[in-house]
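Q: Read off the chains here:
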Amino acid sequence: MSTAQANGVPDATSVRPEGDEALVRVRDLHFARGRKKIFQGMTFEVPRGKITTIIGPSGTGKTTLLKMIGGQLKPSQGSIEFDGQNVAKLNRKALYALRKRMGMLFQSGALLTDLSVFENIAFPLREHTDLPDSLISHLVLMRLHAVGLRGARDLYPAELSGGMARRAALARALVFDPMMIMYDEPFTGQDPISMGVLLELIHTVNHALGLTSLMVSHDLAEALSISDHVVIISEGVVVEAGSPEQLRASPSEWTQQFLNGSPDGPVPFQLPAPDYAFELLGTSTATGSDR
Amino acid sequence: MIDRVARFGRFWLDALERFGRAQLFLARSLGAMPSLIPRFPLLIQQLYASGVMTLSIILVSGLFVGMVLALQGYNLLQGFGAEAALGQAVALTLVRELGPVVTGLLFAGRAGSAMTAEIGLMKATEQLSGLEMMAVDPFKRVYAPRLFAGFLALPMLAAMFSAVGVLGGYLVGVEVLGVDAGAYWSNMQSSVAFVEDVCQGLIKALVFGLVVSWIAIFEGADCIPTSEGVSAATTRTVVYSSLSVLGLDFVLTAIMF
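Protein chains in written order, with our numbering: chain V, 1 to 291; chain P, 292 to 548.
Hints listed in this document are in silico derivations from the structure and should not be mistaken for laboratory results. Glycine included, C-beta positions come from ideal geometry on N, C-alpha and C. Among the clues, some could well be false.
[Claimed, not checked] Distance ranges between label pairs, derived from CB positions:
#, chain 1, residue 1, chain 2, residue 2, range
1, V, ASP130, P, LEU307, 42 to 52 Å
2, P, TYR339, V, GLN270, 55 to 65 Å
3, V, ARG33, P, LEU307, 19 to 29 Å
4, V, ASP130, P, PHE302, 19 to 29 Å
5, P, PRO332, V, ASN86, 13 to 23 Å
6, P, LEU307, V, HIS30, 38 to 48 Å
7, V, ALA221, P, PHE299, 49 to 59 Å
8, V, THR188, P, ARG301, 35 to 45 Å
9, P, VAL343, V, LEU271, 52 to 62 Å
10, P, ILE335, V, HIS30, 43 to 53 Å
[Said to hold, decoys possible] Keeping only pairs whose Cα atoms sit at most 16 Å apart, straight-line, the calculated EDC-like set for lysine to aspartate or glutamate is:
#, chain 1, residue 1, chain 2, residue 2
11, V, LYS100, P, ASP428
12, V, LYS37, V, GLU279
13, V, LYS93, P, GLU308
14, V, LYS74, V, ASP28
Kindly produce the complete structure, drawing on both the sequences and the hints.
A: Right, here's the structure in full:
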């Protein structure tokens, strides 16, 4: 029995989309930072060719999970397979070869500040290929056109708005034709127009290029509108996984709290704390700890 | 009491663990040096950033240090009627000691702190993670060019510091205080040996260049990726580099001279 099942929540594998081969398989994942346990037996799959969104409370390790899939962090137990390869077992050379097949859009964009938008997007090509400048220029312009930033090619990252920086970063993530793109909070801090543009881009790019997308987001309405598969995580385990429709119909209190944004529920409003009356009045109550 | 002992022990264990990580970091950076051959423009760029951009402060400081040396040396030597040896005193002091040491300290303050802040900000803005996810090794793209540039730049800057210092000494000693120009240059020429003085000064500068760049780059890469973390790392770079330069100067002097 997995930890998720042991905790009384459905195991992700039990709601795996039928007929879909998984591109990423996370199995019994354990990870801790110091004494804090981040993952305690997490298991789920990312179906190939679909948009999968991971949602969960802040500080639950969503970005850490993306870093582990990208091989930047290693699990203390369990495994992460990307296209059949165990990411944690790869040596540096094999890991770098694997990363060429996955792109990542960071929350900040992570554009190199000393390079123009054009050079940022050309950067992976210049690093990994011997393509002539004319071909690199064509490839970069095609990607810039796809994200609507052909007119910003000579600007530097400091001259871009947050939304433009993420679009430029998306163009860079796409330039190597990856199998999968991971998005870390792509909508955070975006105005409605930028958010709409990013939503449309993620959806279009995924289906037009036949990619697999794995997204971490707090913007539930937007993320669910384009997602094919959703994984809810909390306290180091998968709470529930399935299509947005399945989750909306779920009887799970955890799932309903996330989807409805309820302030209190299985994820408590109050953090564990000493007795409230005792702290205020200096006298203990019979009820013990007050939530 | 036991708690204090435990904290003391933990402090030293943490310090040792960090020093070990810094050594592994240096080993990986040195291992990435061959990758600079196809990335030669990156090295030039870093030589410009750490070397050329530090040149003005080095030249101005060298000039004043040479002038002060001439002033102090003249007052001292005049008491023995040996003011003709001023050129020798100024040149040996600069080439053996003050050239490499003061350049090392100024380099730590100007270029070292800039390296730490730049790399720390790259970490805070996820540029380093971004490089890794693009399958680009930061050791090859970011750390090795800066380490090698610092290693090359500091000896060149130290040589220029000493040269300008000698000119500063000439201006004050010969032009202002009236020491004979021929005596100033000829004493210098006859007493400063290329291998014993110039080359050994150069070795000091190479060591300082490597150590200061290593500290600066490691502190940037190892910092907590917040504004406070970058600020603290920059301070640590200047403090550790300055202490290392002064400590290593003593060790190298004891070994070589």
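Q: Going through the earlier hints one by one, which of them does the structure break, listed in rising order?
A: As far as the earlier hints go, 4, 5, 6, 12 and 13 are violated by this structure, in ascending order.
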